[in-house]
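Please construct the entire structure, taking both the sequences and the accompanying hints into account.
Residue numbers (my numbering), protein chains in the order written: chain A, 1 to 252; chain B, 1001 to 1252; chain C, 2001 to 2252; chain D, 3001 to 3234; chain E, 4001 to 4234; chain F, 5001 to 5234.
Everything labelled a hint here was simulated from the structure, so no lab data went into it.
Warning: the hint list may mix true and false statements.
[As the list claims (entries may be wrong)] Chain D is nowhere near these chain A residues, computed Cβ spacing over 12 Å in every case: (1) Glu9; (2) Arg21; (3) Asp23; (4) Lys61; (5) Glu84; (6) Glu97; (7) Leu98; (8) Val101; (9) Arg107; (10) Glu108; (11) Glu116; (12) Cys118; (13) Glu120; (14) Glu154; (15) Gln226; (16) Val251.
[Stated by the list, open to error] Derived coverage of chain D by chain A (criterion: at least 3 residues anywhere in the stretch with Cβ under 8 Å from a Cβ of chain A; other residues may be distant): (17) 3090 to 3096; (18) 3197 to 3207.
Since we're looking at a predicted model, the values are computed, not measured.
Note that CB positions come from ideal geometry on N, CA and C, so glycine has one too.
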Amino acid sequence: MMIEEYVREVLNKGRRIDGRRFDEYRKIIVEKDIIEKAEGSARVKLGNTEVIAGVKLNVLKPFPDTPEEGVLIVNAEFLPIAHEEYEPGPPGEDEIELARVVDRAIRESKAIKLEELCIEPSEKVWGVFIDITVINDDGNLMDAACLAATAALEVTKIPKYEEDKIIRGEYQGKLPLRAKPVIVTVAKYGRRFLVDLKKEEEEIIDTKVSIGVFDGKVCAIQKQGQGYISLRDIETILELALRKSQELKKVI
Amino acid sequence: MMIEEYVREVLNKGRRIDGRRFDEYRKIIVEKDIIEKAEGSARVKLGNTEVIAGVKLNVLKPFPDTPEEGVLIVNAEFLPIAHEEYEPGPPGEDEIELARVVDRAIRESKAIKLEELCIEPSEKVWGVFIDITVINDDGNLMDAACLAATAALEVTKIPKYEEDKIIRGEYQGKLPLRAKPVIVTVAKYGRRFLVDLKKEEEEIIDTKVSIGVFDGKVCAIQKQGQGYISLRDIETILELALRKSQELKKVI
Amino acid sequence: MMIEEYVREVLNKGRRIDGRRFDEYRKIIVEKDIIEKAEGSARVKLGNTEVIAGVKLNVLKPFPDTPEEGVLIVNAEFLPIAHEEYEPGPPGEDEIELARVVDRAIRESKAIKLEELCIEPSEKVWGVFIDITVINDDGNLMDAACLAATAALEVTKIPKYEEDKIIRGEYQGKLPLRAKPVIVTVAKYGRRFLVDLKKEEEEIIDTKVSIGVFDGKVCAIQKQGQGYISLRDIETILELALRKSQELKKVI
Amino acid sequence: MKGNVELIIDGKRLDGRKPLEMREVEMKVNVVRNADGSAYVRFGKTIAIAAVYGPTILLPKHLQEDKLLVKVRYSMLPFSVDERKSPGHDRRSIELSKVIKNALAPAIMLDEYPRAVLKVYVEIIQADGSTRVTGTNAASLALAMAGVPMKDLVTACSVGKINDTIVLDLNGIEDNNSQADMAFAMMPSKNRVTLWQMDGQLTKEEIKKMIKIASDACKKLYDMQKKAIRGAFK
Amino acid sequence: MKGNVELIIDGKRLDGRKPLEMREVEMKVNVVRNADGSAYVRFGKTIAIAAVYGPTILLPKHLQEDKLLVKVRYSMLPFSVDERKSPGHDRRSIELSKVIKNALAPAIMLDEYPRAVLKVYVEIIQADGSTRVTGTNAASLALAMAGVPMKDLVTACSVGKINDTIVLDLNGIEDNNSQADMAFAMMPSKNRVTLWQMDGQLTKEEIKKMIKIASDACKKLYDMQKKAIRGAFK
Amino acid sequence: MKGNVELIIDGKRLDGRKPLEMREVEMKVNVVRNADGSAYVRFGKTIAIAAVYGPTILLPKHLQEDKLLVKVRYSMLPFSVDERKSPGHDRRSIELSKVIKNALAPAIMLDEYPRAVLKVYVEIIQADGSTRVTGTNAASLALAMAGVPMKDLVTACSVGKINDTIVLDLNGIEDNNSQADMAFAMMPSKNRVTLWQMDGQLTKEEIKKMIKIASDACKKLYDMQKKAIRGAFK
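See the structure below:
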């Protein structure tokens, strides 16, 4: 309780507990290609929040309605190491929501040229598995997760495929990409709009909107939390998200 | 407790809480073809008990021992909306028992001409999925469920199947049927036999026998509850079930 | 508590509660071919501990890296009848550990000539399923389980396979075997080493090492329990296990 | 594939509607007798039933919070869709349950029921697009009928972009082939937005335009909701 | 397919039995040392072991009722059948567990153990038809050996119709090809029927005839059960 | 297949090591900010992160014991291996979690925390052989950093037999093609062995030789562990 009151007090005074401006991200560190066994990978640190995304490619049967397109699967796991309240077990609603919103940002921006991932129409296409694992949760997992996923895709290579077999460790080229989507999550506290909440801030702020952005366009929106925004907030939120997305794009 | 005592008192006086005779069903309403997306469907109301059955057809591989026969699958779900004690989750023993007894009544009466549902021997047959969903539980789900299933089968159509694809929404004809099985559940309270228990009656009566009937023959029997019947009750129960089955058949 | 203290007291005096020597097994009874429906089976009693192993053969697709070899699958279930603390449900860590250690003893000793179980390379091989079921647990399940598995394998026959079908109940010959692995579990209490613990002894002794042995060689080791052994105990344990393995081999 | 299917011909959608026309909407309350509150909402062929049980004391005790815990479960019946959906909660249902919970919670006076739980179940009887908003409307009505104290009703609709045209209330085929689709819910009397989801590609200006259309539509639906409630007390 | 296989040739069943002849029956008690009561029952090749643990206090407290809670779990071992059955409780096992519970409960003096739970486990070691009735007989013996106060033993058998002939005690091939099969259990000394299941096609008259055959058979099995119990106390 | 692959050529292993040479080892502590203690250990390409939460009171009460309950969970990240591993605890992970728990428990002063629980999580970030021993080393460091009272650190390594040669610290290809591989852990200052697993074929003499190699290696690793801990307090 004490911490929650302190966070509120600081916010009410127009400041944040770590001294940042309301529209300021924590220090972002992106490291790519950190897992040799993955076809692509990246670690993202947003302050103390740490997320690793790994991309694995596998040969799959395509969906019947898109017989010549690769398949994208995004999965998220909040590892039990990442926070004392995380327990092992099947994915919870927060993990599923995070994975599905990142999935939409990547899918709707057409970030991956899935149409170039066909091996044999109706029979074999590449499946792109993006696994997002949270190593330490100090808030704003959504933005960190999308950064990590996009950064990992940037360095993903397609394995060689010969005589119906994947040759792991040897590659035929890069994964063909079209866009670099990022997600900016804008929170509302009183009449103020914040980005990049720390965990302590998330405990007391229950209204957030995640906006997926690429090339100046919006590709995903997800309002979160048990609060509401006003109709007139919508433009403010969109503008803030579009502005901050420029910054995020640069760090990838 | 108060309600249970009241129900007992009324029964002991030879009456029922809603004024019905012991061998009288509540008002039965059957509506067919209520779900356009299903190949067949029906809603049954037995007083305040409401059940919807939907039939979907799919192309399946047949069982190896019946390579030229369609496949019947019956499933039941007591939706959490239907009663305050129902929780979401995997099917419980009551749901499974209900589904399996209705399955037997349909299967053993050979209600569906499964032998006419072969598309390609050993490779492709029609699978008939009957899903029974309980919308409101005010007792006697077994009889309501079988009525709904049989009524839904009555209006079930087989989709067109062309070039290895099901064309949903277009049909090649009706599902071929042979019989209209119904289930009559007879309960025993003291020396009396009752049909169509309300939920409050089910709370205090723990001996029931469900009898599946078609064309004057018996096709399924399931004694339920932690009570017993006497050997000499068997004839009485069978006669009551056979008699009431005539009524039920008429409403389908 | 009382029982635990008593067991300790007796052990501290250099004796065991049933009067056995520290390196003495209880009476072992092995009965083979007790389940006609199984391709091989055996019941093992180690005193009051009772285990039944059944072997079923099925035709499977081989693993891609061993396209001409049969497949071994070992599974263990502590039936809820076997002890008041066993509950039905998915296998727990003890069941999984037991199955995996027995699996290793059989696999690493190359007890089954898996290379002779190929029907059609890359397509069809025999899968050997060994199911170990504990009927009564009075301690030392590991040794009893391996005895039962090895004994069941000894009498396992391969079903006839004609026109892509297994003909159950008719056989083409015996399962080709190479070795008869056994497991000897050595426990440490104070400075003493014991074999074949009774359940009451297991409650107070938390250091055990299971040693898989065949033809005088070691094929599996698994230290168990929350205790430790000293470096210098290793030779003693190995020697005791090798010595007792001779006895066990004889009873199969 | 999205965007390649012709969905608007001569200014009319495939089901004959104009771009900003809703499907026929039907609303009924008290459709599940056992529930504390319930409602049926139909948007064209999309049918949702919602039922509310509670608030009741939350057990075991150590899970109690100092405000009402709202549990929402959205699911689709097996026969509600073209290809039979096997029962059980999939990832999509889990996400939508959360989204609907977050759409309803801002309208509920949570502080009035400490240590209690409220169960809201949304069953999609038939699915032809816009199921989450149809279900949200039904759930909001069910809450009101259950007498749960609320700041306002929650009213929801969908809006999307098909064949470069902005349309209201997407049906199934439009949803599957849209360039963008947006789910939206608000407390209409206060202009408070409680559900906002989008996938597709849109500019900021397009979004603003769609929000205007959606909020106008919600106000009409709001009147229908109020009428359905009043009808129950006539 | 049912009814097409020749199962009776020259008045004899495939295993040489006459229509109303039971297979060899074997009954043993106290076969599981750890259990409070246990029994082994064999009908031909069908083998069941049952074990009882309890009654013990039911925890946590809020689940307690004012009478004994009986839990029954029927399952088949993986190697008990021709095609290996993977472990775990399938729908058939869940139904049969309930049916056996309802067969045993009427004989148990449930009121004597408020707030308690009794666990009854039935394991089918080998399955060749009539497993639920074999298991019920074993469970009844196990209850008696555990000292659970009972009004009577519960005795069970199967009866069926194959090749238009009524037969007692179906084996596996008869079960799979029967025109009808009925599982039946009773408290023999009181003519109380506690398990009654049927699937197939039968007239009322056939059912009456089968019930007579089953109840007569149960009385013979009842004597064997009592003998098995007495043997344990010799 | 085991033993057929040429893994040692001209006295050198495929990655250039001599038989008794370890891969490059890296150890870091406090790598997970939220945890009470954490560590990162890398053996060549095998990377493990361990984190410890607790001890905290175990709830609900009836599960409490008179000493500390240690829970260990070992798992491999989906992208840590060549073929993506789908998330969830498989049989191998369940066994290894138990084995690692039994490796750590003897070093922990369990009696000091009655009624409490300690959670130890081991995540394999990348797997190239010897993951369980790499994870054990990380877990032991994490315990120390969490301030859990211990009798000694636990130090682990693997030793195996490939191409008839005994080697230290198996990598992935060696593990998959070994004639025998052994996992080993000890409390180095007391010569107490807490983890000992082997599969393959070995004589007693070979085992003794391997134990000597493993325990010597553990003593070197022990120094590295202590250095990593000291580094954190500099």
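- Item | Beyond 12 Å from every chain D Cβ - status for Leu98(A) | Nearest chain D Cβ is 10 Å from Leu98(A), so the label is violated.
- Query: When you look at the beta carbon of Glu154(A), is every beta carbon of chain D farther off than 12 Å?
  - Reply: holds (21 Å)
- Check the non-interface label on Asp23(A): least C-beta distance to chain D beyond 12 Å or not. holds (17 Å)
- Query: For Arg21(A), which was marked as not at the interface, is the minimum beta-carbon distance to chain D over 12 Å?
  - Reply: Label holds. Min Cβ-Cβ 23 Å, cutoff 12 Å.
- Going by Cβ atoms, does Gln226(A) stay more than 12 Å from chain D at every point? Label violated. Min Cβ-Cβ 4 Å, cutoff 12 Å.
- Mind checking, does the region 3197 to 3207 of chain D have 3 or more residues with a CB under 8 Å from chain A? Check passed, 9 qualifying residues.
- Message: Would the non-interface assignment of Lys61(A) survive a Cβ cutoff of 12 Å against chain D?
- Response: It holds; Lys61(A) is separated from chain D by about 17 Å at its closest Cβ, greater than 12 Å.
- Is the nearest CB of chain D more than 12 Å from the CB of Glu116(A)? holds (16 Å)
- Message: Quick check for students: does the CB of Val251(A) sit more than 12 Å from each CB in chain D?
- Response: holds (23 Å)
- Query: Taking C-beta pairs only, is Glu9(A) more than 12 Å away from all of chain D?
  - Reply: holds (20 Å)
- Query: Would you say Glu120(A) is clear of chain D, with no C-beta pair closer than or equal to 12 Å?
  - Reply: The claim stands: Glu120(A) keeps its Cβ more than 12 Å from every Cβ of chain D (closest is about 19 Å).
- Message: Is the coverage entry for the region 3090 to 3096 of chain D by chain A consistent with the three-residue Cβ rule at 8 Å?
- Response: Coverage by chain A holds here, the residue count being 4 at a Cβ distance below 8 Å.
Against the hints set out earlier in the document, violations occur for numbers 6, 7, 8, 9, 10, 15.
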